[in-house]
Every structure is written in structure tokens, then in C-alpha cells.
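Visitor: This is what each chain is made of:
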Amino acid sequence: DSGVTQTPKHLITATGQRVTLRCSPRSGDLSVYWYQQSLDQGLQFLIQYYNGEERAKGNILERFSAQQFPDLHSELNLSSLELGDSALYFCASSVGRHTEAFFGQGTRLTVV
Amino acid sequence: QQQVKQSPQSLIVQKGGIPIINCAYENTAFDYFPWYQQFPGKGPALLIAIRPDVSEKKEGRFTISFNKSAKQFSLHIMDSQPGDSATYFCAASMRGGNKLTFGTGTQLKVEL
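If you read the protein sequences in the order shown, they are chains A and B.
With the working numbering, letter number 16 in the first sequence gets 16, and the count goes up by one each step, no holes.
With the working numbering, letter number 32 in the second sequence gets 32, and the count goes up by one each step, no holes.
Certain hints may be false.
Pairs of lysine to any residue, SDA-like flavour, derived with a Cα cap of 25 Å [stated by the list, open to error]:
hint: 1; chain 1: A; residue 1: Lys9; chain 2: B; residue 2: Lys71
hint: 2; chain 1: B; residue 1: Lys42; chain 2: A; residue 2: Arg26
hint: 3; chain 1: B; residue 1: Lys68; chain 2: B; residue 2: Leu46
hint: 4; chain 1: B; residue 1: Lys58; chain 2: A; residue 2: Lys57
hint: 5; chain 1: A; residue 1: Lys57; chain 2: B; residue 2: Pro82
hint: 6; chain 1: A; residue 1: Lys57; chain 2: B; residue 2: Thr28
hint: 7; chain 1: B; residue 1: Lys42; chain 2: A; residue 2: Asp1
hint: 8; chain 1: A; residue 1: Lys9; chain 2: A; residue 2: Asn59
hint: 9; chain 1: B; residue 1: Lys71; chain 2: A; residue 2: Gly42
hint: 10; chain 1: B; residue 1: Lys42; chain 2: A; residue 2: Thr20
hint: 11; chain 1: B; residue 1: Lys57; chain 2: B; residue 2: Gly41
hint: 12; chain 1: B; residue 1: Lys42; chain 2: A; residue 2: Glu100
hint: 13; chain 1: B; residue 1: Lys109; chain 2: A; residue 2: Gln105
hint: 14; chain 1: B; residue 1: Lys68; chain 2: A; residue 2: Gln105
hint: 15; chain 1: B; residue 1: Lys42; chain 2: A; residue 2: Gly28
hint: 16; chain 1: B; residue 1: Lys109; chain 2: B; residue 2: Pro82
hint: 17; chain 1: A; residue 1: Lys57; chain 2: A; residue 2: Glu75
hint: 18; chain 1: B; residue 1: Lys42; chain 2: A; residue 2: His73
hint: 19; chain 1: B; residue 1: Lys71; chain 2: B; residue 2: Leu112
If you anchor each label on the Cβ, the simulated ranges turn out as follows [claimed, not checked]:
hint: 20; chain 1: B; residue 1: Phe39; chain 2: A; residue 2: Thr110; range: 15 to 25 Å
hint: 21; chain 1: B; residue 1: Asp53; chain 2: A; residue 2: Thr15; range: 41 to 51 Å
hint: 22; chain 1: B; residue 1: Asp31; chain 2: A; residue 2: Pro70; range: 42 to 52 Å
hint: 23; chain 1: B; residue 1: Glu56; chain 2: A; residue 2: Thr110; range: 27 to 37 Å
Hints are computed from structural coordinates only; laboratory data are not their basis.
Think of the CB as a built atom: it goes at the ideal place given N, C-alpha and C, for glycine as much as any other residue.
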């Protein structure tokens, strides 16, 4: 167990809908990262927050947004969902901005 | 543009064998190279990582070999066991764990 908690584990929703994925980092970790894993794109970095501030952005769609709250948990919001958004979404956390990252178990999103 | 190329895509070895997974990178600004292990339905778990100031790092049965001039690094698993059967990902980033760029993964099967 990495200590990173993600909820929900599974999510099934319809196209056009909006969902929120939640991540609680390891105790003491200030950095939170979001990754998407799909069969065609592999593991792709989406976005990083450090102590509540956005620090790095990857291949994140404009329909997606994230935030990190004062208690350091993070949420990834996915809107106007499309079939192609079906994927595993992982959260990872680390102590600092440039230290080893530990991954949660992921949220499997299925858009139907 | 894929910045980290991983091979082979899949690998079958006998118990006790030494599977070798190779990765090559393009971005010379990368300075942190971790390997992750992922079991079905789980998140990637950090196995071992190396920085370019050393050519080899060992942790238990896992060894990373690093060739800075060739921009290549590889994972060796000594005395492989059926429990090592998983998907292995190499990754790279600049300045620590920030924004990992992952390889495409190698599915390893260790047979009895």
C-alpha cells in the first residue's frame, strides 16, 4: 500500500456528463500528480500541484481541471465526457516538488 | 513525440532467469530515471531509480544500468520469480519526480 488513497475505484458515466475524482496524498506529501493510463496513449502526465499551487501541466484537456485544497487532498474534474476519456486515472504524491512519486490504486472511468 | 522508448513489449523467462528491459531517451535534460512495477488492477509501484551521475544501482534483485553517452538505461531482475510477473515501466523526468515521461511498458511473465 503506497499510502495514496483514490476514490472512487470505479466510475461508470454517460457521455456529456461531469465527474470528480478524489485523491488523498501520503501523510506529509505536499505534491500531487495526476496521470491518465489508456491502452492507446499509455501513462501520461496530466498536472501537478504543490502545496495548493499548480506547478506543471502536461497533456491535460481543457475539459479537465484539477485543484489541491488546504488539507492537501486533490480533485480532478472531468467534464463533457467523451467515450475516449475512458481510462485509468492515477494520482501520485511526493514529499517535495522534485522527489520520488508514489501512486495510488487508480480510478477506472468508463464512459458509455 | 515519444521521448522514452521501451523494449521489448513483452518478455517470457524461466524461473531463475535474468530478464532485461531496455529504455532509451532523447531529452538530455532528463536527470532522474525510475522504474515502476504494475500488477493488474493496481497502481504503478516505484521499484528503483537512478540519477545520471552513477552507471549502476542495485536494490535487492533489481539492478539499473545507465549509459549516459548512449542515452540508454536498463532494468535487470536477478533470479526472477513467478511473483515478478507484472508490467514494468521505465520513466524519466527533469529535476526529480516532477512530470514523469513513461515508456510504453513491458509485460513480463516468469514461468516455473
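Visitor: Hint by hint, note whether the structure agrees.
Guide: Status of each hint after checking the structure:
1. Lys9/A <-> Lys71/B: Violated - the C-alpha atoms of lysine 71/B and lysine 9/A are around 37 Å apart, more than 25 Å.
2. Lys42/B <-> Arg26/A: Holds, at roughly 17 Å.
3. Lys68/B <-> Leu46/B: 22 Å, holds
4. Lys58/B <-> Lys57/A: The hint is violated at about 32 Å.
5. Lys57/A <-> Pro82/B: 38 Å, violated
6. Lys57/A <-> Thr28/B: Distance ~20 Å between lysine 57/A and threonine 28/B Cα, so the pair holds.
7. Lys42/B <-> Asp1/A: Status holds; Cα separation ~10 Å.
8. Lys9/A <-> Asn59/A: Cα-Cα ~23 Å, so holds.
9. Lys71/B <-> Gly42/A: 21 Å, holds
10. Lys42/B <-> Thr20/A: Status holds; Cα separation ~20 Å.
11. Lys57/B <-> Gly41/B: 29 Å, violated
12. Lys42/B <-> Glu100/A: Status holds; Cα separation ~18 Å.
13. Lys109/B <-> Gln105/A: 22 Å, holds
14. Lys68/B <-> Gln105/A: Distance ~33 Å between lysine 68/B and glutamine 105/A Cα, so the pair is violated.
15. Lys42/B <-> Gly28/A: Distance ~23 Å between lysine 42/B and glycine 28/A Cα, so the pair holds.
16. Lys109/B <-> Pro82/B: Distance ~7 Å between lysine 109/B and proline 82/B Cα, so the pair holds.
17. Lys57/A <-> Glu75/A: The hint holds at about 15 Å.
18. Lys42/B <-> His73/A: 20 Å, holds
19. Lys71/B <-> Leu112/B: Given that 25 Å is the threshold and the Cα spacing comes to 34 Å, the pair is violated.
20. Phe39/B <-> Thr110/A: 15 to 25 Å: 20 Å, holds
21. Asp53/B <-> Thr15/A: 41 to 51 Å: 49 Å, holds
22. Asp31/B <-> Pro70/A: 42 to 52 Å: 32 Å, violated
23. Glu56/B <-> Thr110/A: 27 to 37 Å: 43 Å, violated
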